[in-house]
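Residue numbers (numbering that gives the first Met the number 0), protein chains in the order written: chain A, 0 to 154; chain B, 0 to 154.
Note that these hints are calculated values from the structure, not bench results.
From a predicted model like this one, the values you see are computed outputs, not experimental measurements.
There could be a bad hint or two in this list.
Once the Cα atoms are required to be at most 25 Å apart in a straight line, the calculated SDA-like pairs of lysine to any residue come out as [to be verified]: (1) Lys151/A - Lys62/B; (2) Lys146/A - Val97/B; (3) Lys129/B - Asn107/B.
What follows is a list of derived Cβ distance ranges for each label pair [unchecked claim]: (4) Glu153/A - Asp66/B: 34 to 40 Å; (5) Ser150/B - Thr136/A: 50 to 56 Å; (6) Lys146/B - Met0/A: 29 to 35 Å; (7) Ser113/A - Ala11/B: 19 to 25 Å; (8) Asp66/B - Ser127/A: 16 to 22 Å; (9) Ile128/B - Thr136/A: 24 to 30 Å; (10) Glu153/A - Glu117/B: 18 to 24 Å; (11) Ala120/A - Arg147/B: 18 to 24 Å; (12) Asn107/B - Asp2/A: 20 to 26 Å; (13) Leu18/B - Arg126/A: 49 to 55 Å; (14) Ser113/A - Asn70/B: 18 to 24 Å; (15) Met135/B - Leu148/A: 27 to 33 Å; (16) Pro44/B - Ser45/A: 28 to 34 Å; (17) Gly71/B - Ser113/A: 45 to 51 Å.
All C-beta atoms, glycine included, are put in the ideal place defined by N, C-alpha and C.
Protein chains: 2
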Amino acid sequence: MNDEFFLSKAIAMAAENVLAGGGPFGAIIVKDGEIIGMGANKVTPSSDPTAHAEIVAIRDACKNIGDFRLNGSVLYTSCEPCPMCLGAIYWAHIERIVYAANKNDAANAGFDDSFIYEQFALPSSQRSIKAVNLRMTDSCLPFETWKRLESKIEY
Amino acid sequence: MNDEFFLSKAIAMAAENVLAGGGPFGAIIVKDGEIIGMGANKVTPSSDPTAHAEIVAIRDACKNIGDFRLNGSVLYTSCEPCPMCLGAIYWAHIERIVYAANKNDAANAGFDDSFIYEQFALPSSQRSIKAVNLRMTDSCLPFETWKRLESKIEY
Numbered sequence: 000m001n002d003e004f005f006l007s008k009a010i011a012m013a014a015e016n017v018l019a020g021g022g023p024f025g026a027i028i029v030k031d032g033e034i035i036g037m038g039a040n041k042v043t044p045s046s047d048p049t050a051h052a053e054i055v056a057i058r059d060a061c062k063n064i065g066d067f068r069l070n071g072s073v074l075y076t077s078c079e080p081c082p083m084c085l086g087a088i089y090w091a092h093i094e095r096i097v098y099a100a101n102k103n104d105a106a107n108a109g110f111d112d113s114f115i116y117e118q119f120a121l122p123s124s125q126r127s128i129k130a131v132n133l134r135m136t137d138s139c140l141p142f143e144t145w146k147r148l149e150s151k152i153e154y
Numbered sequence: 000m001n002d003e004f005f006l007s008k009a010i011a012m013a014a015e016n017v018l019a020g021g022g023p024f025g026a027i028i029v030k031d032g033e034i035i036g037m038g039a040n041k042v043t044p045s046s047d048p049t050a051h052a053e054i055v056a057i058r059d060a061c062k063n064i065g066d067f068r069l070n071g072s073v074l075y076t077s078c079e080p081c082p083m084c085l086g087a088i089y090w091a092h093i094e095r096i097v098y099a100a101n102k103n104d105a106a107n108a109g110f111d112d113s114f115i116y117e118q119f120a121l122p123s124s125q126r127s128i129k130a131v132n133l134r135m136t137d138s139c140l141p142f143e144t145w146k147r148l149e150s151k152i153e154y
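The shape of chain A in the complex, shown without the other chains (with noise of 0.2 Å):
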């Protein structure tokens, strides 16, 4: 079983969810050559912007083997992670990326994230969804509270 196996299997799911009513979009993790976690685009059905396949996959390989990290894995996505999905891809330390079609092929189906990577690229004063720092008197108090915590998980 090598890349094309699993990848084809995502491209599968990502077609198949389509007919569910999801996005066209599927990805699978694989550590030491089995599937960990599968996902499918999930956003309309369950009213939830951040179901996206890649999402739906590290949270279910997390779940399977009850770590938040998956070190050593490489997640196969039937298209190019966009800027959430890849930001969960850090946090979850996954090793490697496979991918079908790419941004260009998305953005034609009407699936476009460019405009949020040029926004990642701006400072964050010239963003389209303004952030304002309202620093109160209590702002560090959850990191005091977290650095005083001896039994804490550091992650």
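Since the structure of chain A is already known, use the hints to place chain B on it.
Just chain B now, with coordinates in the frame of chain A:
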């Protein structure tokens, strides 16, 4: 009820969440002056690397209002959002972000996402997680299926 009111609540949630075994982050989503979603960081207790406070709050708000878009809503978060969460904020069509601690405060507490921001700024080929575009004969099958489907919900 103003920005300070909702932000204080998000900060209090973040501090309480530490004592409940989660990370030091809390978020609240407000629309038309009412709280429609709340979330605290559950990465380690849920074994879910995507369970940042903002993502949990977005999922909660969308579930509560039955929509995958949160147009016209404001996100109050105890700390400046990471790239994954910023991507989710864009997909959710949130209108404004108000945060208390900034990324430097987070880094001082051991939560440093500057590495991920640096990775985003690099061309794909230079990132630490390798992404391979493996073209398959059916790479665009999911999108073709999508385009043909008349009953689809576009987003």
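Q) Keeping to a limit of 25 Å between CA atoms, is the pair of Lys146/A and Val97/B held or broken? A) holds, 24 Å
Review point. Given the proposed pairing of Lys151/A with Lys62/B, does the C-alpha separation stay at or below 25 Å?
Key: Not satisfied, since the Cα-Cα distance of roughly 30 Å exceeds 25 Å.
- Task: Look at the Cβ atoms of Asp66/B and Ser127/A and judge whether their distance stays inside 16 to 22 Å.
- Result: Since Asp66/B and Ser127/A have Cβ atoms about 20 Å apart, the given range 16 to 22 Å holds.
- request: For the pair we were handed, Lys129/B and Asn107/B, check the Cα-Cα distance against 25 Å.
  value: violated, 29 Å
Hint check for Ser113/A and Gly71/B - Cβ pair distance inside 45 to 51 Å: At 24 Å between Cβs, range violated.
I want to verify a distance hint. Is the separation of the beta carbons of Ala120/A and Arg147/B within 18 to 24 Å? violated, 35 Å
message = Verify the CB-CB distance for Ile128/B and Thr136/A against the hinted window 24 to 30 Å.
response = violated, 39 Å
TODO: State, for the Cβ atoms of Lys146/B and Met0/A, whether the hinted interval 29 to 35 Å holds or is violated.
DONE: holds, 31 Å
Outcome of range test on Cβ distance (Asn107/B, Asp2/A; 20 to 26 Å): About 41 Å separates the Cβ atoms of Asn107/B and Asp2/A, which means 20 to 26 Å is violated.
Is 50 to 56 Å respected by the C-beta to C-beta distance linking Ser150/B and Thr136/A? Between Ser150/B and Thr136/A, where Cβ atoms are some 53 Å apart, the hint holds.
Between Leu18/B and Arg126/A, is the Cβ distance one that fits in 49 to 55 Å?
Violated, at about 34 Å.
Range hint 34 to 40 Å (beta carbons of Glu153/A and Asp66/B) holds or violated:
For Asp66/B against Glu153/A, whose Cβ atoms are near 36 Å apart, the range 34 to 40 Å holds.
Checked against the numbered hints above, the structure breaks hints 1, 3, 7, 9, 11, 12, 13, 15, 16, 17 and satisfies the rest.
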